[in-house]
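Student: Throw the hints in and build the complete structure from the sequences for me.
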Amino acid sequence: MENDTVAIIGPQFSVMAHVISHIANEMQVPLLSFAATDPTLTSLQFPYFVRTTQSDLYQMTAVAEIVDHFQWRDVIAIYIDDDHGRNGVSALGDKLAEKRGKISHKAPFKPGNITREEINNALVKIALMESTVIVLHIYPSFGLDVLNVARSLGMMESGYVWIATDWLSTLLDSNPSLFTTQSMNDIQGVITLRMYTPESELKRKFSSSWNKLSKEKDPVEGPFALNTFGFYAYDTVWVLASALDAFFRSGGTLSFSNDSSLNMLRGDSLHLDTMGVFLHGGKLLQQILEVNRTGLTGQMMFGEDGNLVHSSYEVINVIGSGIRRIGYWSETSGLHTGEATNHSISSEGLYSVIWPGQTTQTPRGWIFSNTGRNLRIGVPLRISYREFVSRTEGTEGNEGNEMFGGYCIDVFTAALHLVPYPVPYTFVPFGDGKTNPSNSKLLNSITIGVNITIHFHWLYSFYELILTFVLKFLLICL
Amino acid sequence: MFLQGRQDTMRKIWFLVLVMFYHGFPSMGISSVYGRPRIVNVGALMSFNSTVGRVAKVAIEAAVDDVNSDPTILNGTKLKILTLDTKLSAGFLGIVDCTSFSNTFVFYFDTFAFFKQKYACS
Chain A
115 MENDTVAIIG PQFSVMAHVI SHIANEMQVP LLSFAATDPT LTSLQFPYFV
165 RTTQSDLYQM TAVAEIVDHF QWRDVIAIYI DDDHGRNGVS ALGDKLAEKR
215 GKISHKAPFK PGNITREEIN NALVKIALME STVIVLHIYP SFGLDVLNVA
265 RSLGMMESGY VWIATDWLST LLDSNPSLFT TQSMNDIQGV ITLRMYTPES
315 ELKRKFSSSW NKLSKEKDPV EGPFALNTFG FYAYDTVWVL ASALDAFFRS
365 GGTLSFSNDS SLNMLRGDSL HLDTMGVFLH GGKLLQQILE VNRTGLTGQM
415 MFGEDGNLVH SSYEVINVIG SGIRRIGYWS ETSGLHTGEA TNHSISSEGL
465 YSVIWPGQTT QTPRGWIFSN TGRNLRIGVP LRISYREFVS RTEGTEGNEG
515 NEMFGGYCID VFTAALHLVP YPVPYTFVPF GDGKTNPSNS KLLNSITIGV
565 NITIHFHWLY SFYELILTFV LKFLLICL
Chain B
6 MFLQGRQDTM RKIWFLVLVM FYHGFPSMGI SSVYGRPRIV NVGALMSFNS
56 TVGRVAKVAI EAAVDDVNSD PTILNGTKLK ILTLDTKLSA GFLGIVDCTS
106 FSNTFVFYFD TFAFFKQKYA CS
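Note that the protein sequences, when read in sequence, are chains A and B. When the letters of the first sequence are read in order and numbered with the numbering used here, they come out as residues 115 to 592. When the letters of the second sequence are read in order and numbered with the numbering used here, they come out as residues 6 to 127.
Some hints could be false.
To be verified - Selected chain A positions facing chain B (in silico; Cβ < 10 Å):
hint : residue
1    : 119
2    : 124
3    : 125
4    : 145
5    : 149
6    : 217
7    : 254
8    : 281
9    : 322
10   : 324
11   : 328
12   : 332
13   : 345
14   : 468
Hints in this document: simulated from the structure, not taken from any laboratory. For each residue, glycine too, the CB sits at the ideal point set by N, CA and C.
Tutor: As structure tokens, this is what we get:
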């Protein structure tokens, strides 16, 4: 039965990998996917699925570490709501949680074609939100559209952070002509990731013969540029070949059983009777998982969780008409600047980034949103020293319209003018207005009495306010 | 129209489930190739017209050439790759697009057949 298939290379898309994995389980035919990165594919449900590329579990760990590195806490995730997008973003949520961060808003798009209007609607909502750190986990075919709409909405200005998963680096690697197009304006300052494959003689040779190869194998489209998935696809064939070699060496045979039970369905018209289950598929699968060889992508070896070992990504910043590598992430060493962590020039963290809006100043990662909460300021309704703080006569009782004045209030509002962003606030009166309220009670109500959760953001803004206030005060005194 | 398509899709999915369900127990007709076969068939699924698929197709074909011309691996056995274009669809029905048949069951037929390497669209 030399017609039977012993293994499948692919499929390319995670969504399809889920479907085909069911069939692979039945047929006991290993699937080796060079591009399906959905982390959940390596679950026990799909024993015959082998991922010969890096899992998004690690890519999302890298994203979470970048977020943590710049001390952001909340991110917004934009993705396609299918297995690939949803499960990737879910992994991101888990990894952020480990760093005490979170996804504050998820913006899913329906699978299929996305219109500019849909993108626009989603982004307008996001623009009103507090977080300005946006993770874009999407397909190469739609990604640039999203960034283009974002720019038209002013979301590519300074203050915003865009982290694109490896779809962007793949797109840029595959279309070098993009660097000279208008699209570059839409992606300035974006951070993207690329699966890291160490330099080697093997890789250099393959890359240099690529033009000729792509022209020869695909005369219509070729020659075209290479991307990282090409390396993984190439290595996938070698992994399979090594496993088959070991399989035959250990006495494995190609035995297929014809399953007559399938005839019950539609008789001969579907020819399902010709389907065979690969009886030694399990053995071949075992040989695949035991492969340990060095290929274009470095060491190809599977860990206990079924993923390739030594996961690593390059962190890339899109600048001007090109890209700049600002560091690496690896499973073992986290973020570092040198190719190998033990290299003398390598240090922890990343090189400086040029952010959207052509600024080198790290964005704060959040803004005061119109839909967010106000800064609440307790105002003691004192009966003495009213020139420092008091409620304006005649405004009491109108909740929300009460007005307050005095030296303290003037200093506060003056200080607010110095803060480089708007701070929405409300004064909350404290005390009955007939006796001086207790200052300690007021303090208590800020920290524990009233149910005010002191948000990290608020704390930070208090800190900034106080600093500004002190500076201003010093200036006045001098 | 949309609902009709959706129903068809659901019907297809259920049919697939049924196929799975009935397909549990191999009962007869075991066929084997003893020793090293001359040819080993491997399927490859990708979207030829996508950023990743276009590159992967060439890389896979190049790798197969390299493996087959390397005497140190798979001595005497050649890899034979049959590639199937899943078109640009990332979804479930990507495979359907590639068929030249219009039969409702073509998807299952085609998918199963693909495992058998009997049919494929170029």
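Student: Work down the list of hints and note, for each, if the structure agrees.
Tutor: Tested hints:
1. 119: Holds - the Cβ of residue 119 of chain A comes within 10 Å of chain B, reaching about 5 Å at its closest.
2. 124: 3 Å, holds
3. 125: 4 Å, holds
4. 145: 9 Å, holds
5. 149: Since the shortest Cβ distance to chain B is 5 Å, the answer is holds.
6. 217: This interface hint is violated because 22 Å lies over the 10 Å limit.
7. 254: At about 5 Å, which falls below the 10 Å cut-off, the nearest Cβ of chain B leaves the hint on residue 254 of chain A intact, so it holds.
8. 281: OK, holds: residue 281 of chain A within 10 Å of chain B, min 8 Å.
9. 322: 13 Å, violated
10. 324: 8 Å, holds
11. 328: 5 Å, holds
12. 332: OK, holds: residue 332 of chain A within 10 Å of chain B, min 6 Å.
13. 345: At 7 Å from the nearest chain B Cβ, residue 345 of chain A passes the 10 Å test, so the hint holds.
14. 468: 26 Å, violated
Consistency with the previously given hints fails for numbers 6, 9, 14, ordered from lowest to highest.
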